[in-house]
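Combine the two chains into a complex, taking the hints into account.
Residue numbers (my numbering), protein chains in the order written: chain A, 1 to 249; chain B, 250 to 587.
Calculated from the structure, these hints are not laboratory results.
Any given hint could turn out to be false.
Selected chain A positions facing chain B (in silico; Cβ < 7 Å) [as the list claims (entries may be wrong)]:
id, residue
1, LYS16
2, ILE18
3, THR20
4, THR83
5, ASP85
6, ARG86
7, PRO91
8, GLY125
9, PRO182
10, ILE183
11, ILE186
12, LEU188
13, SER192
Predicted, not measured: the structure shown is a model, and the values here were computed from it.
We put the beta carbon where it would ideally sit given N, CA and C, even for glycine.
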Amino acid sequence: MSIDTSLKKIFVIAAKDIKTYYSKPPSLFYGIVLPFALFGAFLAGRPCVTEDYRVVGVTVLSTFFGGTTIAAVILPLERRSGTIDRLILAPVSFKTLLLGKSLAGFTFSFPVTLLVLSIILPFTGFWNLNPLLLVVSIALSVIFSCAFGLAFSASANDVADVMWPMNFVRFLMIFFSGVFMPIDEIYLYMPSLKFIAYLLPLTYSVDAVYQSIVGINDIMMLIADFTILIAMIILLYYIAYRRFIKTLT
Amino acid sequence: MKNENVCEAVDGELKVAIEARDLTKQYGEFTAVNDLNLKVFDGEFFGLLGPNGAGKTTTVKMLTGLSKPTKGEALIMGANIMERPLDVKRIIGVVPEVSNIYVEMTAWENLIFAAELYDVPRGEAVERIKMLLEVFGLYERRHDKSANFSKGMRRRLTIAMALVHNPRVLFLDEPTSGLDVQSTRNIREVVRRLNRDGVTVFMTTHFIDEADNLCNRVGIINKGQLVALDTPERLKQKIGGRVSIEVSLQPIPSLEELKEVSSDVMKTGDKFIVYTENPSITISELIKLANAKEWKIISVKTLTPSLEDVFVKLTGLTAVDVERLELIRPSGRGRGRE
Ligand SMILES: Nc1ncnc2c1ncn2[C@@H]1O[C@H](COP(=O)(O)OP(=O)(O)OP(=O)(O)O)[C@@H](O)[C@H]1O
Ligand SMILES: [Mg+2]
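Just chain B, same shape as in the assembly (with noise of 0.2 Å):
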C-alpha cells in the first residue's frame, strides 16, 4: 500500500527508513536500552544481534510504538511515531517475538482479520492471502483451527499476517528462534526476497550465521548499549587480531584437557576451536600437547575472525558462554519457545 502523507528522511544520499534518536527505556531504575542512536536506509537489511536480556525486544518496541520511550524518539520514513501513529503504523509490518494468532480462527480468518484491520481491498487481501499461504506452505490447511498448528506453522502464519498489507518497513523479532531447519529456510528465504523487492528489513536475531548471512549492516547491543554498528566484513576486520585454530583430534579429549595450550577454547561438535593472538606458536603446542597424550591429529585450520568472534569480543562474552547460550548455529537446539 502507497502512502503519501509520510514525508521522506533523507541523510546525504541515502533515505532514512528507520531512525532511533537518543532511545531510552527504563523500568523503574533499570534501564533496558540506553541512549541508542541508530539509522537504517530504505532498503537495508539491518539485524541487531545481542544476547539474552540485552534489550533487542525492547528497541523492537519503541521502534513500532508498543512502547512509550522514557527519552528519545523513533522515526518511521521521518516521521515520529508517537506524534503521528497511524501514518507510520500503515507502513509497517512486525513480526512479534512471539507469536501471536487468534488460535480461535482458522489461517484464512486470521489472515483476513489482518487485511481487514489495514483497510486492503477485499479482492487485492484474497489474492494476496492465497499468494502468502502458498509462499509459507499453509495453503493446504488454510482452513484448519490453527490452535492444531505447530510452532512453525504459527510461526509463518504471524510473519503471513504482518506481510498481508505490504508494509515498506519490516520488524521481525528473532524470527527463526527455536524452529526446525525446513521453517527456518523458508522464513529466511521470503525475507531475503522481500528485501530484494525494496522491502527495508529490521531483524534481531541470536544467530550469528543469520546475521552475517542476511544482513547488510548488523548492530550489537549489549546491556541496551549499542556496541558496535557496521557491515559484517567490516566489524570481522575491526577486530582483525585473533585467530581461531580449528582441529580435530583422535581419540576426542576433553575440554579441559585443551585448555593447557589456551585458556579459551570451545568444542563445537567432534572439533575444537582454540582462540589466540598468535597462532603459530598455539599450533606448535597443539603438535606438542597431541604427541605427549599420544592423540591423533586428524585436522587442523586456522580460520579468520567471524561476526561470532566480534560478538564475543563485544559483549564480554568467552567463547564458552556463548557456545551455552546456544547463540552459535541455527541448525542448533532453539530456546524452547515460541
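Just chain A, same shape as in the assembly (with noise of 0.2 Å):
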C-alpha cells in the first residue's frame, strides 16, 4: 500500500475514534479531569519542591496519563463489540491500524497538556523556556504514552483487563522516576537505587520537559532523553504489534 493511503488511513481511523471514544469515562477522567485536578492542586498546594519542578510534573503527568489511557481503552472496546474485526478485515496494514489508534491519543492529550501549561506559565513565569523543545519534549512524551498505553492493551478484551495492571506500572513509574520531586531527593537516602529511576522511560520525559522549562544544563543528557525515549516508542511499538498479531491465531 502506498505511503499516502496509509496516512489516509491513520487519519481515517483516529478520525472515528475521536469521535466513538473520547466522550467515555475513562477518557475523560484521565484524560482531563485528572491534568486540571492536579492543577488546582499545584495552585493550593503547599510546595514541598520548587515552583519549576512542579510545573514538570503536572505536564509530564499529563501527558503520560491522557496518552496511555486513552491508547489502551480504544483497542478493548473495539473487541468487545466486535467491531476491531472490522479493521482487521479492511485492507489496511496492522501497523497503520496500530498508527491510527496512538494518533487518536496523540490528538487528545497533547493539546491537553499544552491547554493546561498556557494556564500555569503566566502565574508561573517563564524562567528560560524554550518553546521548540518544550513542544517537541511534550510531543515525545505524548507519544511515548500512546506506545505504551498500546502495548498494554494490544490483546486485551475488557478495559478493566488493562487499567487495573497498567494503573499499577504506571504509579510505580511516577512515583520511581522523579515525576513530583527530583530523583536525587526520592533517593536521597538510598542512593545506590537510584538506576531504578534510569530504567524508567519516564525519568526521560521528566528530564527533557524540565530542561526545555528552566533551561537548557546538561545537553548530553537531552540527547540521551531523546534518543531513549524514541528507542522506546520503537519497542513499545513492535510489543504492541507482536501482541495484536498473536489474537488471531
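What follows is the structure in C-alpha cells.
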C-alpha cells in the first residue's frame, strides 16, 4: 500500500476514534479531569519542591495519563463490540491500524497538555523556556505514552483487564521516575537505588521537559533523553504489534 | 471496485473464487475445524450448513483472515490470504456472526467510515451508500445514532457496511439468525440479487430452508468435518431410501403415543412427521393405531427426502434433536442473540 493511502487510513481511523471514544468515562477522567485536578492541586498545594519542578510534574503527568489511557481504552472497547474485526478485515495493514489508534491518543493528550501549561505558565513566569524544545519534548512524551498504552492493551478484551495492571505500573513509574520531586531527593537515603530511575523511560520525559522549561543545563543528557524515548517508542510499538498479531492465532 | 492484482485461479472451465486446502484450526487440544477442503466457484451461491459448534464461524474466520489456520491455507481468487492479505481484503466483504457497528455513530457515519477504510472515492461512496440505505430500508433513519437501532436494523446496517466497496466475494455468517420475517426476507432478497449480479456468496446458516432455496451448492459440516458437499437436489437423491410421512390427526395425540408406530417421529405445528424406510407398512400401522385410539385422520402425505433429512442423517442428530435446536423453520424463533 502506498504511503499516502496508509497515511489517509491513519487519519480515517483516528478521526473515527475521536468521534467514538473521547467521550468515554476513562478518557474524560484520566485525559482531562486528572490534569486539571493536578493543576488545582498545584495552585492550592503547599510547595515542598520548587515551583519549576511542580510545573514539570503536572506537564509530564498530563501527557502520561492522557496518552496511555486513550490508547489503552480504544482497542479493548473495539474488541468488546466486535468492531475490531472490521479494522482487521479492511485493507489496512496492522501497523497503520495501530498508528491510527495512537494518533487518536496523541490528538487528545497533546493539546490538553499544552492547554494546561498555557494556563499555568502566566502564573509562574517563564524561566528560560525554550518553546520549540518544549513542544518536541511534550510530543515525544505523549507518543511514548500512547505506545505504552497500546502495548498494554493490544490483546485485551476488556478495559478493566487493562486498567488495573496498567495503573499499577503507571503509579510505580511515576513514583520512581522523579515526577513529583527530583530523583536526587527521592533516592536521598538510598543513592545506590538511583539506577531504578534510569531504567524507567518516564525519567527521560521528566528531564527533557525540565530542561525545556528552566533552560538547557546538560546537553548530553538531553540528547540521551530524546534517544532513549525514541528507542522506547519503537520497542513499545513492536511489542504492541506482536501482541496484536498474536490475537489472530 | 476492480482489482487487477489478484490473479484468477481456474479449475477446468470454472474460475475458483474461494478455496480451502487442508484448512485446520486447533484451540489447544481441541480441533474446531479439521482438514477442510473445498472450492467455491466464481458466481456461485454456497451454503455451509451445520449444527451449533460445528465450526462454521471458525471456517469463515480462517477464509477471511480473521483467524490464522493452524494448518492449511485459504485462497481467494487464487491469492493466499495470509501471504497477500491486502489484495484479498480489498475484494471481499464480510458479515460477521454478531452485528458489529459503531453504536456511537449514525448509520450514515458508519457507512462513510466503511467506505473510507476501503478507499471508495467520496462521490461514488455517497451514491452507493444512499442506494444501500434505500435497499435495506434504513434511509429515513440514516442520521439516527445506531445505538437506538433494533436488532434487525443493526443486522441490515452490518450487511450494508460489508457492501460499500462492491466486493466480488461476500461472506455471511448466519445473516438472518434471530430476525423477523420482514428483515429475513429483505436480506435474502438483497443477497440473492447480488449473487445474480455476479457476486460470489459464501453463507453459513442454521436454516435448512434457507440453504435449500438460495444455494447452488451446500456443504454440511459437523464436528469440524465436512461431511457432504453437493447441490441440494443431489444431496437429497443420495440419501434416497428414507421417506417421511406427514400426518394430521384429531384430537392431536402426544408425541409419545405416535412412537408406537415409529421411533423417529417429529412434531411440526399441529402435524406429525414420521420417518420410515417402508412407507406402506408405516401408513397401515398409523391407520390401525388411529382406529384403536379413535383419532380422526385429517390428512396423510408422503414426502420425498428434504435437505433436512440429509442434514439429520449426516450430522447424526435425530429429527427430535433438530427440532429442539430450532434448526428448521426460518419463521421459528431464532436463537436469542444479535
Ligand atoms: N477462541 C476459541 N477458543 C477455544 N475454542 C473455540 C474458540 N472459538 C471457537 N471455539 C470452539 O470451536 C468450535 C466451533 O466453533 P464455531 O464458532 O466455529 O461453531 P459454529 O459452527 O459457528 O457454531 P454456531 O452455530 O453456534 O455459531 C466450538 O466448539 C467452539 O467452542
Ligand atoms: Mg457460528
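Hints, verified against the model:
no. : hint   : in the structure
1   : LYS16  : 5 Å, holds
2   : ILE18  : 11 Å, violated
3   : THR20  : 4 Å, holds
4   : THR83  : 5 Å, holds
5   : ASP85  : 6 Å, holds
6   : ARG86  : 6 Å, holds
7   : PRO91  : 4 Å, holds
8   : GLY125 : 43 Å, violated
9   : PRO182 : 43 Å, violated
10  : ILE183 : 42 Å, violated
11  : ILE186 : 42 Å, violated
12  : LEU188 : 49 Å, violated
13  : SER192 : 46 Å, violated
The structure is inconsistent with the numbered hints 2, 8, 9, 10, 11, 12 and 13, although it conforms to all the rest.
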